[in-house]
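Required output: the full structure, derived from the provided sequences and hints.
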Amino acid sequence: MRKLSFQPGQTILHRLYPVTKFIWLLVCSVLAFILTEGALLIIFTSLCLLTLHLIYPKIWQIRGFRLALLTGAVLFFLYLLFDKTGWVVVDPKVELLSITTGGLVMGARVVGRFLTIIALSYIFILTTEPSELAYGLMKIGMPYRYGFMLVTALRLAPILEEEGKTIYKAQLVRGIRYDKGGIKKWVLLVQQFMTPLLISALRRADKLVFSMEGRGFGKYPNRTFRSQRTPSSLDLTVSIVLTLFFAILILLNYGELP
Amino acid sequence: MSWIDVRHFSYTYPGKQEPVLRDISLAIERGSFVVITGESGGGKSTFGKALAGFLFQDEKPNCEGRIIVNGVDMTQIPLYDASQHVAYVQQNPEDQFCTLSVSDEIAFGLENLRVEPKEIEHLIDKSLAVVKGLDLKGRQLATLSGGEKQKVAIASMLALSPDVLILDEPTSNLDPDATLHVFKTLYDMRQNQDLTVIIIEHKLDLLLAFNPQIFVLESGEIQPIHDIQDFKAHISRKTYALPKANTEHTIQKVPFLKLSGVSVRLESYPILHDINLNLSQGEFVALMGPNGSGKSTLLQTMMGFYTPENGKISAFGEDLSKLKTSSLVREIGFIFQNPDHQLFTQSVWDEATLTSKNLDILTQDQKENAESYLTSMRLGDRKDEHPQRLSYGEKRRLNLIAVLLHHPKLLLIDEFLIGQDMANAHAWMKFFQDYVQQGHTVLLVNHHPDLTNQYCDRIIFLSEGRVLIDQHVDKALDQLGALGFSSFVPENKEGFTNA
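So the sequences go chain by chain: P and R.
Here the numbering used here is used: position 242 in the first sequence is 242, and no number is missing along the way.
Here the numbering used here is used: position 290 in the second sequence is 290, and no number is missing along the way.
Careful: at least some of the hints might be erroneous.
To be verified - Where chain P lies over chain R, by a calculated footprint (3+ residues, C-beta under 8 Å):
| no. | segment |
| --- | --- |
| 1 | 60-71 |
| 2 | 91-99 |
| 3 | 116-130 |
| 4 | 435-448 |
Said to hold, decoys possible - For lysine-lysine, the following BS3-like pairs were computed, each having C-alpha atoms within a straight-line distance of at most 27 Å:
| no. | chain 1 | residue 1 | chain 2 | residue 2 |
| --- | --- | --- | --- | --- |
| 5 | P | Lys169 | R | Lys312 |
| 6 | P | Lys180 | R | Lys367 |
| 7 | P | Lys169 | P | Lys185 |
| 8 | P | Lys219 | R | Lys312 |
| 9 | R | Lys324 | R | Lys409 |
| 10 | P | Lys139 | P | Lys58 |
| 11 | R | Lys312 | R | Lys324 |
| 12 | R | Lys324 | P | Lys185 |
| 13 | R | Lys258 | P | Lys165 |
| 14 | R | Lys49 | R | Lys60 |
| 15 | R | Lys118 | P | Lys219 |
| 16 | R | Lys60 | P | Lys219 |
| 17 | R | Lys357 | R | Lys409 |
| 18 | R | Lys383 | P | Lys169 |
| 19 | R | Lys367 | P | Lys207 |
| 20 | R | Lys367 | P | Lys184 |
| 21 | R | Lys324 | P | Lys165 |
| 22 | R | Lys409 | R | Lys258 |
| 23 | R | Lys258 | R | Lys324 |
| 24 | R | Lys184 | R | Lys258 |
Calculated from the structure, these hints are not laboratory results.
Note that the Cβ used here is the ideal one computed from N, Cα and C, for glycine as well.
If you want it as C-alpha cells, here you go:
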C-alpha cells in the first residue's frame, strides 16, 4: 500500500496552477451538496472517479481508498435497509429487506456526495505539490509567516509519523502490550507513547527555529519567491469549461432546462 | 586582527550554575581548515553555536568575553544577521530543512533576504556546484541519501555567502565512503572559495589527510593540538563494567536466529533480497554496509516487525512468524538508534526496570541487578530524575540497562556509537565483547572499521539489500578491500584508533 501523497506527472491537472485547483476543489465540493437529483449526482460522482482513475490508474494501491469505497457501500446498504419511503422496487416479502425508491435515491445522494468529496481530495493531493500550493497562497497575499506554518507542517508530518512508528516498536521491544489491561493501562501506554513523541517534536521545532531564523526568516516584512509560476491560459480554459459544465448541471438540477 | 578572534569567552546555560565554556581564547586565520574534537558533552556543539551567534538571542545571555568574526561581534547581532557572517550546519540535516525540495531549501535564506528570483537561480546553481551536487537540483529532499542531504544542507548555507562555515558532526550518520566524500568536498570548497571551515568531529583519522588545524575542547576548555599521535596516545580509556550475570547460560547448539532465503518489500519497494544467515551463541557480529543498504530493515525483520515476502526466519528453533514480539523480548533485546525514542517513564529507576516489570520477572534479584547496573554506569545517584533530563551519553547508558537487565540471549543494536567520542566508543565495544563472553550474542550495526576489527568476531556486509560478505573479521576485511569497499577497511589493523 502506498501513502496518499503528491505523485509527479504531466496531466492537465498536474499543470494547473495550485491556487486554481484549490479554488475548484472548494467549488466542486459545494456543488456536490447543491445537486439534489440522484441521476445528476451519479454522473458527477462517476466523472470525479473516472478522472481519479485516469490520473492514477493504480488508485487501489493508495492507502485508504478501498476503505472509502467500502464505507460508501455500507452507507448505501444502510439507506436501503432503513429508508422505506417511496415506491417498493424489490419486495422479497420481508419488510426489512424490501428496497424502496426513497432508500435508493437517498442512498445514492449521500454516497454520491461522500465519494465525490473523497475523489476530489485524492485528485487534489495526487496532482498538487503541497509547497507549490503554500507558495501560491503566499503570493496572493497570505502572510509568509502563516504560509510557512503550512510548509513546515508538511515537512515535519512524515518525519513525526515515522518517529511515532519507531516509538511504538520501541515500546513493543520493552515488553509493552497494548492488547492487555484495561482503560487505565491503555491511558498510561498512550502517555508513555506521547511523551517521547512530544519531546522529539519540541526539539525538532527548536532546531527548526534556529535553522529558519539563522537564514534570515522574519528579518523583513515581505520576501521574494524563487518560483515565478503564475496562472496560465490553461487555467483560464479549464475554468471556463468547468463553469459551463457546472452551470448546465445546476440548471438541469433545478429544472430550468427543457 | 585574526579572521576569527575569540577573547576570554565563557558561557553558562540558563538555569545552570557551572559554565559550559570557560575563558576560551583562540585565533583562526581566514581560509583555515579547522577541526574541533574532544569528549562527548565537553562543550563542542555549544562552542560552535556560540561562534554562529545562536546563544545570544536572550535579552541577557549569561556570557562573558567576545567573539569577533571578520570585525563583527557575534554576541551583539540578531540571529537573522548572524548567518551572513557565520553559517552553522546542524548535526542532522533533517533538523535543518524547512522546505520539501532541494531548490526551495537552498532558495529559502535568499528569499528571506529579498534576493531577486533570477539571482536566486544563479546562486542555487553556484552553491550546488561547489558541493558537487548539481544533479540534485529538482529533487525532493525525502528522496535523497544521507550524504546527499548533507550536501544540500551545506549548499543552503553557502548560498548566503558566509565568511565562516561551521559543521557539527556532519558525518555522524554516514558510512565511511560518504564521510570521506563530505570531508573532501569541504576541503576543496575551502580551497576554492577562500572560506574558513570549522568541523566539530570525532573522526580524526579520516580528517588527518587534509592537514587540519586541530583543537581539543574538553570540560569547557580549549587547547590546540600540535602532535596528533601524542594526543591519540593520551586519550583516556573509559570502561563500563558489566555486572556479573546471575544466571549461567548453557551451551546452545540451535542457532539463536536463522534466516533462509528472506526477502522483504516495504511499500512495494524491494529492500532485502534472499538473505541467508545464522546467528549463534557467543558471537559478536558487526552488521556493516553503505547507507541505504538495508541494515536497519534487516534488524527489524529479525525482530518480527516486517513480514518477509519470501523465505523463513526461525528464532531459537521456532518459526518467528508464530511468535509474538512480547514473547521474543525475553530472549532478544533490541536497541534503536535514537535514545529519546525509547525512554517512556517518569524516572530513571522506572525506566531501568520497565522491561522486567512488563515481563513479570521483576524479582528482588532483578532489583539488585538494576542497582548494580545503575551504579556501574554512573547513574546510581540519579534514580529519581526524569530520564529526559539526562545527557545524551547518560540516556544511551539507560537504554542499555533497560534492555540488558534480564540478560536477553541476543542483543540487536542499531548504530549505538553515533555521537560517541573515541574513549566511549572503545568502552562500549569492550562492554559488548564482555557480554558475548558471558554466553550471549550481539549483532551491532557499526560504521567504524577499526573498532569492528579490534572487537568483533564476524562481519555481515550488506550491499543493495543483499549479503555480500558473511565471514570472520580478518577474511571479511580482506574481501571488502578486494571488492573496492576500501573505506570500510582500517588502514592499520593493529591498534588503529578512531571513533
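To see whether the hints hold, each was checked on the structure:
1. 60-71: Answer violated; 0 residues pass the 8 Å Cβ test.
2. 91-99: With 6 residues closer than 8 Å to chain P, the segment 91-99 of chain R meets the three-residue bar; holds.
3. 116-130: Since 5 is at least three, the answer is holds.
4. 435-448: Our answer is that it is violated, as 0 residues pass the Cβ test (under 8 Å) against chain P, missing three.
5. Lys169/P - Lys312/R: 21 Å, holds
6. Lys180/P - Lys367/R: Distance ~24 Å between Lys180/P and Lys367/R Cα, so the pair holds.
7. Lys169/P - Lys185/P: 18 Å, holds
8. Lys219/P - Lys312/R: Since the Cα atoms of Lys219/P and Lys312/R sit roughly 58 Å apart, the hinted pair is violated (cutoff 27 Å).
9. Lys324/R - Lys409/R: Roughly 17 Å separates the two Cα atoms, so the pair holds.
10. Lys139/P - Lys58/P: At roughly 34 Å apart (the allowed maximum being 27 Å), Lys58/P and Lys139/P break the hint.
11. Lys312/R - Lys324/R: 16 Å, holds
12. Lys324/R - Lys185/P: The given pair, whose Cα atoms are some 20 Å apart, holds under the 27 Å limit.
13. Lys258/R - Lys165/P: 26 Å, holds
14. Lys49/R - Lys60/R: 17 Å, holds
15. Lys118/R - Lys219/P: 21 Å, holds
16. Lys60/R - Lys219/P: Answer holds: Lys60/R to Lys219/P is near 21 Å, not above 27 Å.
17. Lys357/R - Lys409/R: Within the cut-off at roughly 18 Å; holds.
18. Lys383/R - Lys169/P: 25 Å, holds
19. Lys367/R - Lys207/P: 38 Å, violated
20. Lys367/R - Lys184/P: Holds. Lys367/R to Lys184/P sits at ~25 Å (cutoff 27 Å).
21. Lys324/R - Lys165/P: Cα-Cα ~17 Å, so holds.
22. Lys409/R - Lys258/R: 14 Å, holds
23. Lys258/R - Lys324/R: 17 Å, holds
24. Lys184/R - Lys258/R: Roughly 41 Å between the alpha carbons, so the hint for Lys184/R and Lys258/R is violated.
Comparing the model with each numbered hint stated earlier shows that hints 1, 4, 8, 10, 19, 24 do not hold.
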